[in-house]
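Q: Chain E is already provided as a structure; the job is to place chain L on it using the hints.
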Amino acid sequence: MSQQPLVLVVDDFQDNREMYAEFLAYQGFRVIQAANGVEALDQAFKNRPDIIIMDLSLPVMDGWEATRRLKADERTHGIPVVALTGHVMQRHSKGAIEAGCDSFVAKPCLPDQLVAEIRKMLSPRSSSAVKAEG
Amino acid sequence: MARPAPSSAAQRPVESSALARLALAEQLIASDDSTECAQRAVDWLAQHAGAKAVVCALLDPETHELRPLAGSGVTPAQLKRLTVHRDEEAHPIAFALSRSAPIVFDNGKARAAAPFGPGPFIAVPLPVDERPEARVGILLATPPSPALDRAARWLADVLGQKLVHLRAARRLMDSEHRLQRDRDFLLSVINSVPDPVLLTDTEGRIIISNTRADALFVTREEQSEGRQRAVALNNMLFSAALSRQAIDEPEAARRELLLVNPTEGSDLLFELLSATVQHPREGTGFVSVLRNVTDLRAATEQIEENYRKLKIAEADVRAERDRLDLIIDSVADPILVTDPSGKILLMNTPGERLFTVPEGSTDELQRAVRTNDAHFTSFVSNVFLSGTSARFRGEIGLTDPEANRPLPVEAISGKVMSEHGEVTAVVTILHDRTEALEKARLYEQLERASKELQEKVREATAELVRRNELLQRQAIELEQASQLKSQFLANMSHEFRTPLNAILGYTSMLLQGVNGEMTAPQKRNLARVDSNAKHLLNIINDLLDISRIEAGKMPLHLEQFEVPTLVGELLAEVEPLIQKARLSASTELAFELPPLSSDRQKVKQIVLNLLTNAIKFTPDGAIRVSAGYDPDRDEVTISVSDTGIGIAENDQQKIFEDFRQADDSVTRQYGGAGLGLSICRRLSNMLGGRIAVESKVGAGSTFTLRVPRQGRR
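Those protein sequences? They're chains E and L, same order as listed.
Every number in our numbering is 261 more than the matching position in the first sequence, counting from 1.
Every number in our numbering is 10 more than the matching position in the second sequence, counting from 1.
Hints in this document: simulated from the structure, not taken from any laboratory.
You can take every hint at face value.
In silico SDA-like links for lysine to any residue, alpha-carbon gap of 25 Å or less:
| hint | chain 1 | residue 1 | chain 2 | residue 2 |
| --- | --- | --- | --- | --- |
| 1 | E | K355 | L | M564 |
| 2 | E | K381 | L | V524 |
| 3 | E | K355 | L | M502 |
| 4 | E | K355 | L | M696 |
| 5 | L | K544 | E | F274 |
| 6 | L | K563 | E | I358 |
| 7 | E | K355 | L | L553 |
| 8 | L | K533 | E | A282 |
| 9 | E | K355 | L | F506 |
| 10 | E | K355 | L | D552 |
| 11 | E | K355 | L | K614 |
| 12 | L | K563 | E | A367 |
| 13 | L | K544 | E | E378 |
| 14 | E | K355 | L | L494 |
| 15 | E | K355 | L | S607 |
| 16 | L | K544 | E | D373 |
| 17 | E | K355 | L | S496 |
| 18 | L | K544 | E | R278 |
| 19 | L | K533 | E | D373 |
| 20 | L | K544 | E | Q275 |
| 21 | E | K355 | L | E560 |
| 22 | E | K355 | L | L554 |
| 23 | E | K355 | L | H567 |
Simulated restraints on C-beta separations:
| hint | chain 1 | residue 1 | chain 2 | residue 2 | range |
| --- | --- | --- | --- | --- | --- |
| 24 | E | I358 | L | R476 | 47 to 53 Å |
| 25 | E | A333 | L | H567 | 27 to 33 Å |
| 26 | L | K495 | E | I358 | 27 to 33 Å |
| 27 | E | K355 | L | P509 | 23 to 29 Å |
| 28 | E | A333 | L | R700 | 45 to 51 Å |
Heads up, incomplete: computed chain L residues facing chain E, CB under 8 Å, no partners named:
| hint | residue |
| --- | --- |
| 29 | R507 |
| 30 | T508 |
| 31 | N511 |
| 32 | A512 |
| 33 | L514 |
| 34 | S518 |
Glycine included, each C-beta is placed from N, C-alpha and C at the ideal position.
For reference, chain E alone in the conformation it holds in the complex:
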């Protein structure tokens, strides 16, 4: 029996982070959390999650930088990163893709929508980057 996918949820806003974590756990995913970019890198290198939900506006180290580092490291460069942000300006989504994000989801994003996105990213046919609707 295969293990449930491990999801790393990175968000500095605790309520949102824990809401997604709770719902993902409710949906059967294993969930680990990080409140900033540095923590996200630590968790990613340590636990090697199957997918990373990355808020972009983060303290200490922002999501773009963290994503660049993850994609630059051979240990983590294969892990899909779904950018999640309240900034819906074009440049944000574009910057996210450039930083190496595989997908982009705009806030507000209902827990159901996020789960749907995660499942889509984890399915064997679409491991590559898919641009989400803004």
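A: Positioned in the frame of chain E, the structure of chain L alone reads:
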């Protein structure tokens, strides 16, 4: 010549002398000389007639004295003693001359008269037959004898005739000689005349001419043809002139005659003076003197020409002088000419106004003139002392004597130099500087005013620049403020989203029963939380759209799409709302609708907004979506019509403004931020299209979007 006669001669018979006579006669005929003839005759008489001494004397035709011509048997001294005048009638020999026959003197007194001593002698006049007045001489012989008498008588005839003849011949020769001499003298006189002189007959033939005349009128055969022709022409001209004269004015007169110089071919002008000469033998002739006046004429013409030139030059000079005077007088500035002592030699009228005192003038005026004079003299003396420069410039403060006002003048002087470099005069022109000074003063004022003006302009410009800078700064600040506002809105929307995300997320989770099932009232109320949270999100999204459009941060994504498909999607999206509002919906799509090339998402957003508005403001009735194509404008139209409350005409523009609804009142019936139509207007503008409304209160509204079929970025 006396010589002793031979002693035997007296004994010869007379008859034997016939042969001797013939011989003598032949000798006498052959001889032209009277002395030779006389000598032969006396010698013959001594030889053939027994004369011991013979003398032949000739009567001088002018003095009428007897001169011994030849002698025989006498000494030269004896011969010389014979001097008798024909009219000494007392003298035997003079007496014998007047006789018509030989005479023998034998008395003592008469014998003494003979040149050859006492003794009888015979005197025979020569020739015997002639009248005493015609006697040419006498023959004296001694001693007388009948033979001698006969011989002497014959000889006297022969010799007398011969001597008469010779004398006549001699006289003729002499007169001819004298005539020739006179003629030569006359000719030399004529030739010495420098003018051609001619004597011509009535036919015009030249009788006498001098060498000058010959040069003109006579030619020789060997001379050139040209010369011959010239001479012929001259003759013709001359004859014509003479004949005209003879007809016109027979008296001596002058006239001009043009001839040709035969040597050079040039024209020669003569003055012809001719006079008629009446000659008893030769008849009428003309004496003509030609005076060469060619040079004279040329000289005269030259003199006339020179005189004419002189006249013209004089007139020119006079005109020049008049003109100069006129110019000097017409110059408004005073002009003065002064001599080295400073005395004014000449001045024009304006000068006189300053430096002369008119009669009956006031003391004041006289004083002004004297002062002017003093100033001017001082200036001129400076000019004379000014060294080598020919020009001198200075300023003099004069007074206008008539106007009695100060007259500042600029004086410019030029020195008039003699050949030796001495200053003979000074010409000064005075130029009134009053006007110039006034102009300078005005100019200074003008310049000062101009400077002030410039200063003011500069200040104004600086102020303008300052204000401009202020405006620019304000514009920048405004721009920054606008950007800050947009940025603020963007930030705010983000900040709104984060909590909304949590609200919506947790609400969704609760409604899904993640935290256990809820009661029906709980669910109903939670659904209202969810609905309001979503409404809030919509408002925030609208605000974000407005700020993005204002900030120019709304990019266009052109793509080609089919309008019917879009309409289908839209109706599907609003289907729940239509059903909820219990409205009916329909579509009306044109048969030939070309694909639209535009920003699909923005077209969709606009029409969706119109649809939600239509549903919102239509309490009951129907909603209709139509699509068409306007080929004239190449535009696609999408209209949303409803049967709702409608919009008053004066509100129809207001509704497209930001944050506006038709009903502005606080107690308005319908909710919404009032941003929807404003966003629609802005978006349609972005697409190059526009949005319009047709409505009546209570009769529903039709909103029509028109977008170009082919959109442009």
